[in-house]
Amino acid sequence: MKIFYFAGLREKVGLSEEHFDLPEGIDTVRALRAHLAGRGENWQALTQDRMLRVAVNQQMAGADTPLKGDDEVAFFPPVTGG
Amino acid sequence: MKITVQPHDFDAGEETAALSGSGVGGIVSFVGLVRGDDEVLSMTLEHYPGMTERALQDIAEEAVRRWNLLDVSVIHRYGRLRPGERIVYVGTAAAHRREAFEACEFIMDYLKTRAPFWKYEETHDGGRWVDARAEDEFSAERWQR
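Line by line, the protein sequences are chains A and B.
Just so we're aligned: the first sequence equals residues 1 to 82 in our numbering.
Just so we're aligned: the second sequence equals residues 1 to 145 in our numbering.
Everything labelled a hint here was simulated from the structure, so no lab data went into it.
C-beta: ideal position from N, C-alpha, C; glycine also.
Hints are not guaranteed to be accurate.
Which residues of chain B face chain A? A partial, calculated answer using Cβ under 7 Å [to be verified]:
{"no.": "1", "residue": "Val28"}
{"no.": "2", "residue": "Phe30"}
{"no.": "3", "residue": "Gly36"}
{"no.": "4", "residue": "Glu46"}
{"no.": "5", "residue": "Tyr48"}
{"no.": "6", "residue": "Pro49"}
{"no.": "7", "residue": "Leu111"}
{"no.": "8", "residue": "Ala115"}
{"no.": "9", "residue": "Pro116"}
{"no.": "10", "residue": "Lys119"}
{"no.": "11", "residue": "Val130"}
{"no.": "12", "residue": "Ala134"}
{"no.": "13", "residue": "Trp143"}
A few chain B residues that don't get close to chain A, going by computed Cβ distances all over 10 Å [to be verified]:
{"no.": "14", "residue": "His8"}
{"no.": "15", "residue": "Ser42"}
{"no.": "16", "residue": "Glu85"}
{"no.": "17", "residue": "Thr113"}
{"no.": "18", "residue": "Arg114"}
{"no.": "19", "residue": "His124"}
{"no.": "20", "residue": "Asp131"}
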């Protein structure tokens with residue numbers, strides 16, 4: 001799995017992207033967020049930021065979106081283009 | 001249909017002229033700029049390569065379906081821009097003006113809330129990520145059906 005972190009979230013977690021082996025039993029976005037938040041203080045935004053957005057395979061997704069090991073996931077703040 | 005995500009500038013006049021074609025009775029275009037005031041030194045646009053093109057493509061295709069557009073063009077820049085510089089172009093061509101106007105507004109409202117770009121503003125006091133506006137969400141919601 002590839003995970004991207006954009007904009008202000010990237011600055012918080014200190015990482016722009018990573019290759020991640022999806023552990024057994026983590027099969028939704030919600031579960032992934034909880035798992036990542038366990039990495040430490042810098043990662044609390046993954047569960048505490050209510051405005052956090054997520055995309056799975058380049059489509060906007062939500063907490064209940066299912067995940068597979070070869071998915072591409074991205075976490076980011078609300079978009080501000082245009 | 002032309003959907004482009006690029007760092008370099010575009011010529012709005014040329015893009016609009018390119019939307020003429022058989023059956024086109026009206027072309028509407030919008031250009032978004034980096035709003036200049038004395039405070040802002042630069043605006044940097046970050047994006048999610050791959051998803052940005054797809055998101056803009058999906059939005060443009062929905063506009064074509066809903067308003068019977070004959071052609072549509074969306075160009076969005078990324079990178080570090082100065083006040084007054086062009087950020088985005090949306091052009092819509094239809095048989096009649098109402099469809100062209102509404103589709104252009106729809107594309108901008110959806111782009112503002114669904115296309116993965118993020119703005120970082122630099123001022124004399126430092127830099128900050130621009131906050132998304134609730135108003136943009138409301139503008140997008142009114143097109144839901």
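Hints versus structure:
no. : hint   : verdict
1   : Val28  : violated, 16 Å
2   : Phe30  : violated, 9 Å
3   : Gly36  : violated, 16 Å
4   : Glu46  : holds, 6 Å
5   : Tyr48  : holds, 6 Å
6   : Pro49  : violated, 10 Å
7   : Leu111 : holds, 5 Å
8   : Ala115 : holds, 5 Å
9   : Pro116 : holds, 5 Å
10  : Lys119 : holds, 5 Å
11  : Val130 : holds, 5 Å
12  : Ala134 : violated, 10 Å
13  : Trp143 : violated, 15 Å
14  : His8   : holds, 17 Å
15  : Ser42  : holds, 15 Å
16  : Glu85  : holds, 14 Å
17  : Thr113 : violated, 7 Å
18  : Arg114 : violated, 7 Å
19  : His124 : holds, 21 Å
20  : Asp131 : violated, 7 Å
In this structure, the earlier hints numbered 1, 2, 3, 6, 12, 13, 17, 18 and 20 are contradicted, and the remaining ones agree with it.
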